[in-house]
Amino acid sequence: MIPTILAVSLLIFVIFSVIPGSFTSSLIADGKGRNDPKVVEQMNKEFGLDKPVYQRFGSYIINLAQLDLGQSFRTRQPVTHMLLERAWPTMKLAIAAMVIAILIGVPLGFVAALKPGSLLDTTTMIAAVSGLSLPQFWLGLLAMYVFALTLGWLPSFGYGDGGIRNLILPAVTLSVAPLALLARTTRAAVLDVMSADFIRTARSKGMNAYRLVTWHLMRNALVLIITTVGLQFGSLMGQAVVIEKLFSWPGLGSLLVDSVSMRDIPVVQGAILMIVLWFLIINTVVDVLYAVIDPRISHG
Amino acid sequence: MYKRFALQSTLAAMLLAGVAMSASAEEPRKGGTINFVAPYGSSFGTLDNQASPATQDEFVTKAIHRRLYAWDGNANKPVLDLATEVSASPDRLTYTYKLRQDAYFHNDKKMTADDIIDSYKRIMTPGKAYTGARYISAIKGASDYSDGKAKDIAGLKKIDDFTLEITFNEPVNPAFQLMQPSTVIYPSGEADKDSFKSHPIGLGPYKFAEYVPGSRLTVEKWDKFYGADKPHADKINIMIMGEASARDVAFRNKEVDVSVLGPAQYVAYKNDPELSKNILEVAEVYTRLVGFNTDFKPFQDKRVRQAINYAIDSDLIIKRLGKDKAYRAVSWLPLSSPAFDKAAKPYPYDPEKAKALLKEAGYPDGFEFELTATQNESWGLTIVEAIIPMLDKVGIKVKAKPVEAAVLSEVVPAGDFQSFMWSLESGPDPMTAMQCFYSKTSQSACNYYKFNNKDFDKLYEAALSAPTEEQKNDLLRQANNLLQDEAPVWFFNYNKAVMAYQPWLHGLQPNSAELAIQSYEQLWVDEGVPSGR
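Residue numbers (my numbering), protein chains in the order written: chain A, 68 to 367; chain B, -3 to 529.
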């Protein structure tokens, strides 16, 4: 985990040192297009931007080792504080989207696989392909038009009081892609397991359908499904960027986008590190789950 | 006879009643919540407004804070705010302010001269880089204080708790400097506390209530605000909505009370019989242009620069691409500027004249130049794509160089360009705006074109020391006309800011400095506001 974090930190540092544009120039772009060279010089000095890259990277790593992510150029607040403030709304959004994706995607894939070639199977797969190919931004707008503007059931944007009403539209929009992928993966995994010898043997021994599905089919298909869930769950934090911007959701994604355009490097580094950390944690959890579901994996 | 009298009396009574009814309809209603929109990004940069030049952060400044001067969005001029009167010394270097005695911070502290002195000192704190320093450095001794050479700012003198004397380095109109959002006044000793960064305290009509970063900031009515009978609304939710399409849905769904419109939405709203009833249009103080770097040889010749102005059909671009959401630019200063010459006419579209000028300048076959621009829909690559074929007709080849906004504002002050397209603030103070063409202004500050013209300099310097506003504006008018002739840029257009508002919202001001930034204390909602607010 530590080498990954170090590599990511170095990569972000190098990228933001190489690409044109700086925090001070973004302030001019964001303001009135006028510049005060003295203030710019002072600003570079205050934030240490006048020092060579290797020196800045060195002090960043030293601070990181002490779990100090530095101070935001924009707000002059500790980055950790800003990230924590934004992490929960994003996690809430990602968890809600994943729950929707699992609750709908997995059963759909299962049912489709149990009756391959049926109308249900064909419809599910067409919907899954569509779900994967539709842009999130467009889907979000469509959801706003239908459920907020036309039906008036839900608010079209914002965090409200943090309750479920404001969560539904962004979470449903965010869940569409992982739901579609989960339905497809589940169907493929179940079909694969169904053609295995041990299933045929179990059937020939007269095992009842319920026990066959729960004991043999589901358990063996679950390894692939959990891998997909893990990967999707990990990447949802990144995918949430578009949704958060569209729905004015106060998450990590919108903070990251703003910080990139403002070249608020400490916040960019912190936010990316948090996303990487999230991904690594999910992967570790998935690895543990593998062993629980299929003990052969841990023995191997 | 009696019948006629009775009829006339009835008619008169009805008329009076009608007038009274209409007057009461205009009477601001107290209470209610306004859902305003901050459309320039997906968050606020900071809640420390002394540290930010961003327009997006002004939405917060206007609600929570106050400066020595304020911008009057109705009259479109700066006015005294935290002082009741001001007197200037004959040399216009020293100004004495009688401060308000009825201004209270949101922590119940009464404002005194110390708060203003301490705020300005904070902006100039040695080793710190607050963006307000650009304006406060005009005060005598501010730079010495910032450099650590003095313990206090020499130009700030407290006469008594409610009398403040400010001395400037040179004769200036302090109103434009001290009305800037980054010169807001904080209560002494509060600003550097950690809590202040997330819970700001100001003198404004609304006090901070809640901030959900990236989503909304809520402010509540400050009962001790000094404005007579204001503010009207109890609460303002400032919704952060950077996405135009999302804003559109929220506005149509009546979730927000205003929406700033882009060119595409402007057409849709104008064509809608209901939405078109509540649209506010203003010529803002932003001039969209293509700036020419005179380090690039062809641009050193005035005839080449003029030729480009003649070769581009600006009206056609404004109509087709800008959807008429802009006013044709005549010169640098915008329509609302007191130094704008109403008799001046923009460059006509005349490709033949352009060709002749190019030939005279020694470029009969044209030349090629690089144009740096961002993706902005109103003054970016879309416009560049439209001018490429127009300039091609007169033999000039344009190579577009797309960059990000933060990159544009890095390469332009550094002079690393041949030409650039930008929307630059050209007001409200004509003096500050014209400074960008003064030869002593560096390229890194705002003379991006390296414009150097002795006649212009003379007019500018004369305006600096002009004894009256009228004389100053007259000199600047001449300077602006000279700029048009010199054509250091392609004068494209002045932004037409358009804001749609809900029928229940009243008190909006036609603020030419920035339409979206409204004085919230003047806004009110009538009974038509959706229930539940």
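Source of the hints: derived by calculation from the structure; they are not laboratory data. Computed from a prediction, not measured in an experiment: that's the story for all the values here. Incorrect hints may appear among the rest.
To be verified - Below, simulated DMTMM-like cross-link-like pairs (lysine to aspartate or glutamate); rule was C-alpha separation at most 25 Å, straight line:
1. B:K189 to A:E113
2. B:K193 to A:D354
3. A:K105 to B:D68
4. B:K145 to A:D117
5. B:K226 to B:D68
query = Does the structure keep A:K105 and B:D68 at a Cα separation of 25 Å or less?
reply = 30 Å, violated
message = For a C-alpha distance cap of 25 Å, please report whether B:K189 and A:E113 respect it.
response = 19 Å, holds
task = Take the C-alpha atoms of B:K226 and B:D68, compute the straight-line distance between them, and say whether it is at most 25 Å.
result = 15 Å, holds
message = Need the status of pair B:K193, A:D354: alpha-carbon distance at most 25 Å?
response = Violated, because 42 Å separates the two Cα atoms, which is more than 25 Å.
inquiry  = Need the status of pair B:K145, A:D117: alpha-carbon distance at most 25 Å?
reply    = It holds: about 23 Å lies between the C-alpha atoms, which stays within 25 Å.
Hints 2 and 3, counting from the list given before, are not met by this structure.
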